[in-house]
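Chains as they are written, first to last, in numbering that gives the first Met the number 0: chain A, 0 to 141; chain B, 0 to 111.
Honestly, the hints are just simulated from the structure, not real lab data. No residue lacks a Cβ here, since even glycine has one placed at the ideal position from N, Cα and C.
Stretch by stretch, here's where chain A covers chain B in the computed footprint (C-beta under 8 Å, at least three residues): (1) 18 to 31; (2) 35 to 43; (3) 100 to 107.
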Amino acid sequence: MPDLPGGPGGAGAGRPGRVLALWFAPGRIGEEGDTPDYRFSLANERTFLAWIRTALALVGGGFAVDQFLPHLDGRVRAALAVALLAVGALASLRAVNHWVRCERAMRRGEDLPGSRFPAALSLVVGLLALCMLVVVLLGRGG
Amino acid sequence: MTTSSPGDPPADERRDPGLQPERTRLAWRRTTLACTVAAILAVRQAVHDGAAPGGLAAVALGALVWLAFLAVAHRRTTQLAAARPPRMSEGAARTAAVCAVCLAALGAALLL
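Could you put the whole structure together from the sequences, leaning on the hints where they help?
Written as structure tokens, this is what we have:
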């Protein structure tokens with residue numbers, strides 16, 4: 000999902016390649032800027048964990064759709080379940096990405112990065128819920 | 000309460016009155032619980048079709064993912080016992096996210 004360009008960052012601050020490089024090089028965040036108050040880092044960590052829980056709930060929802068709606072048409076059920084699983088996987092990857100970006104912004108004293116992901120996720124989840132409602136109601140009526 | 004008496008520990012050792020480490024530890028515990036539920040649903044999905052070899056492999060993978068998450072959470076909660084805990088390592092963040100992705104991939108493989 001596209002994140003808004005974060006703050007008045009230095010050269011290449013928001014480039015995905017650099018963020019990706021930070022994922023695979025543990026300790027690289029620690030080399031930049033100043034260490035923030037540990038309480039801010041812990042708050043960032045809790046936000047990350049809340050996003051991971053959201054992702055796990057979406058993945059669990061994907062399993063639940065397949066297991067607890069046995070009267071649904073097989074293809075529709077699989078499509079809804081796979082959509083929820085995919086959104087869950089995306090949300091967990093984005094959680095790491097956003098955590099790294101926030102941690103780095105705090106170390107550099109920049110503004111925290113904005114993000115379009117929460118709005119996009121709520122739209123997608125709302126749409127999936129609507130689809131499921133329609134499918135379940137049609138299944139009951141037909 | 001803000002004045003320090005000679006018996007008080009030095010400023011670095013004093014605990015945060017906002018209980019941030021404790022709140023973070025509870026957040027890890029909640030997340031572990033969420034991971035447990037997702038892993039149980041994944042295993043339920045895997046054994047649904049009987050004890051096929053593929054299903055057994057999926058059960059093993061689900062258990063492995065759950066154990067990996069448990070290990071990360073345990074390590075981090077141990078670190079959080081300090082008065083001034085260090086920040087979460089990138090490895091811990093990545094492992095937690097990879098666990099969620101693995102469960103999702105496992106589910107997709109079982110469904111398709």
